[in-house]
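**Student:** Just so you know, we're using numbering that gives the first Met the number 0 here: the sequence shown kicks off at 0 and counts up by one.
No wet-lab data here; the hints were simulated from the structure.
These figures come from a predicted structure and were not determined experimentally.
Note that beta-carbon positions come from the ideal geometry of N, C-alpha and C, so glycine has one too.
Misleading hints may appear alongside valid ones.
List time: in silico DMTMM-like cross-link candidates among lysine to aspartate or glutamate, alpha-carbon distance up to 25 Å [claimed, not checked]:
| hint | residue 1 | residue 2 |
| --- | --- | --- |
| 1 | K91 | D111 |
| 2 | K91 | E115 |
| 3 | K66 | D122 |
| 4 | K91 | D122 |
| 5 | K66 | D105 |
| 6 | K66 | E115 |
| 7 | K66 | D112 |
Here are the in silico distance ranges between beta carbons for each label pair [unchecked claim]:
| hint | residue 1 | residue 2 | range |
| --- | --- | --- | --- |
| 8 | A106 | Q127 | 31 to 41 Å |
| 9 | D111 | D78 | 16 to 26 Å |
| 10 | A132 | R101 | 13 to 23 Å |
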Amino acid sequence: MNVVPRLFPVLCLMATCSACASGDLDDATLATASVSSSRTAPSPSPMPSPTEIAYAGQTARVLFRSKDVERSASFATVDTDGYGLCLRAPGKGVALLVFSQRLMDDAVSQVDDASEIRRRPGDTIACQGSGVAWVRG
Numbered sequence: 000m001n002v003v004p005r006l007f008p009v010l011c012l013m014a015t016c017s018a019c020a021s022g023d024l025d026d027a028t029l030a031t032a033s034v035s036s037s038r039t040a041p042s043p044s045p046m047p048s049p050t051e052i053a054y055a056g057q058t059a060r061v062l063f064r065s066k067d068v069e070r071s072a073s074f075a076t077v078d079t080d081g082y083g084l085c086l087r088a089p090g091k092g093v094a095l096l097v098f099s100q101r102l103m104d105d106a107v108s109q110v111d112d113a114s115e116i117r118r119r120p121g122d123t124i125a126c127q128g129s130g131v132a133w134v135r136g
């Protein structure tokens, strides 16, 4: 694995950082410096878009084979894996629908659809318990 391309932005930042030259480099200095990257962590946004709401409702109806489905009112998880919405239906258990990226357009093409459905108990911990606000989906 060639690490030179990954180190190049860091080296450029260090070369231009006045604190690096003076030796006054601390955590506060590092926190204010930014390096652009093609891959960024998701920014937290607690509310799903209308497209994500519709997608979650349709997915829950197909997944649970029921019209009586619910989803979490906000994202249950926001991490490097993506944005997770909890889904459930009476007597059917829960599932976590994870969007790898936010869906902000009116439609989702198959090419852009990189969502994942997780149903294992260990994967749906965020959906279990009384901390989830449920809405009809």
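**Student:** Mind listing which of the numbered hints don't hold for this structure, in increasing order?
**Tutor:** 1
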